[in-house]
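Q: Here's the letter readout for the chains.
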Amino acid sequence: MTRKQKRLTLIGFAGLVLAVAVGLVLFALNDRITFFTSPTDLAQGKVKPGTRLRLGGLVEDGSIKRGDGTVVRFRVTDGVNAVPVTYTGILPDLFREGQGTVAEGMIGADGEFKADTVLAKHDENYMPKEVADALKQSGHWQEEAAKATPKK
Amino acid sequence: MRLIDYANPTRFLSLSAALLPWIVGVTVVLFAVGFYLVFFVAPADYQQGETVKIMYIHVPFSWLSMFCYMTMAASALGTLVWRHPLADVSAKCAAPIGAAFTFLALATGSLWGKPMWGTWWVWDARLTSVLVLFIMYLGLIALQETIEDPARAAKAGAILTLVGVVNIPIIKFSVDWWNTLHQPSSVFRAGGSTIATSMLVPLLVMAVAFTFLFLVFHLMAMRNEILRRRIRAMRMIEAAGVE
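For the record, the sequence lines run as chains U and D.
Those letters in the first sequence? Residues 1 to 152, per the numbering used here, in order.
Those letters in the second sequence? Residues 1 to 243, per the numbering used here, in order.
Bear in mind the hints are in silico, worked out from the structure with no lab data behind them.
Just so it is clear, the structure is predicted and the values come from calculations on it, not from any experiment.
Virtual Cβ for every residue (Gly too), placed ideally from N, Cα, C.
It cannot be assumed that every hint is accurate.
As the list claims (entries may be wrong) - These stretches of chain D come out as covered by chain U in the derived footprint (C-beta under 8 Å, 3 or more residues): (1) 33 to 46; (2) 75 to 82; (3) 168 to 181.
Next comes chain U alone, as it looks inside the complex (with noise of 0.2 Å):
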């Protein structure tokens, strides 16, 4: 082996080992990195009621209700479990029925989750308006609901 390849097979080596080291981090984290929970989470039981954490799915279709004022109470779905959401707020522009949203607040004993933010989440897919509007008047347009079965 000439110099070079020495030095190159010492530097791939340490790369894999720094990969693996990293890799394996990460997986412990995994818990940590995840930005939200789902419901589906939620109904198994993997949080405590009084922890703070962010709730993450669909908002789930003719669930929204206004109460009195800025009041706002919606289900939040995976597909699977749906979860109560009740929030006092001004709700950002792409949040409705249907659309990806992580809401950050508390369970309370009562199941219901109590959120103090709302965000609103865009899904990877970019069209035309007269794009969106003919794949719905021919039927083909999909519910995001359909792929939104949660990461794990």
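Start from chain U and add chain D according to the hints.
A: For chain D alone, coordinates are given in the frame of chain U:
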């Protein structure tokens, strides 16, 4: 002539001097076409409206921030394995450009996030890993400036660059490995792109334009750095001669 012969600094200076006007010309044309497509042809998005226009600069900045880092990583290998003087010039000159592009990716993303998500910033895996990339760039610049001996600075910088490469796949796949607020990839993903053609074409033109812009900045910076190093060498010879 072998490819490595082009990497001779003197030959690099004459070759880049001949090529630069053409590359600048192509860059200008690409930006003219790109901006025309973005502002007059590309349609508004069905849910974002006109805010989607930020994507046409945010996505190229983000891609380039990673492309620039991979350029530095390739240069770092050139420094450590082949001990090539041009490799270090390339790595050193790419760092400030990469830092600027990463900062602009973060800033434009933040401007988009406020109206769309409802927040300027969240600590999700994608945003955080890109912030780490930005800090890596700053760290590399600082390291290069701290060590006075160019050869030692080159070696230390190259090692740190290669260590930081581990972050690049983390940035790319962060949206797949963990659930994040940031949307998953739209263009390079399994199952084809999820972005309408009328928006994809302007985006790709802008991406190529920004790549050329990077090339222009990088070549110009490398030329200056080579000349700066020659001046330094001449001064040292002169100083040695006087004594």
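Q: Run the structure past the numbered hints and jot down the numbers of the failing ones, going up.
A: none
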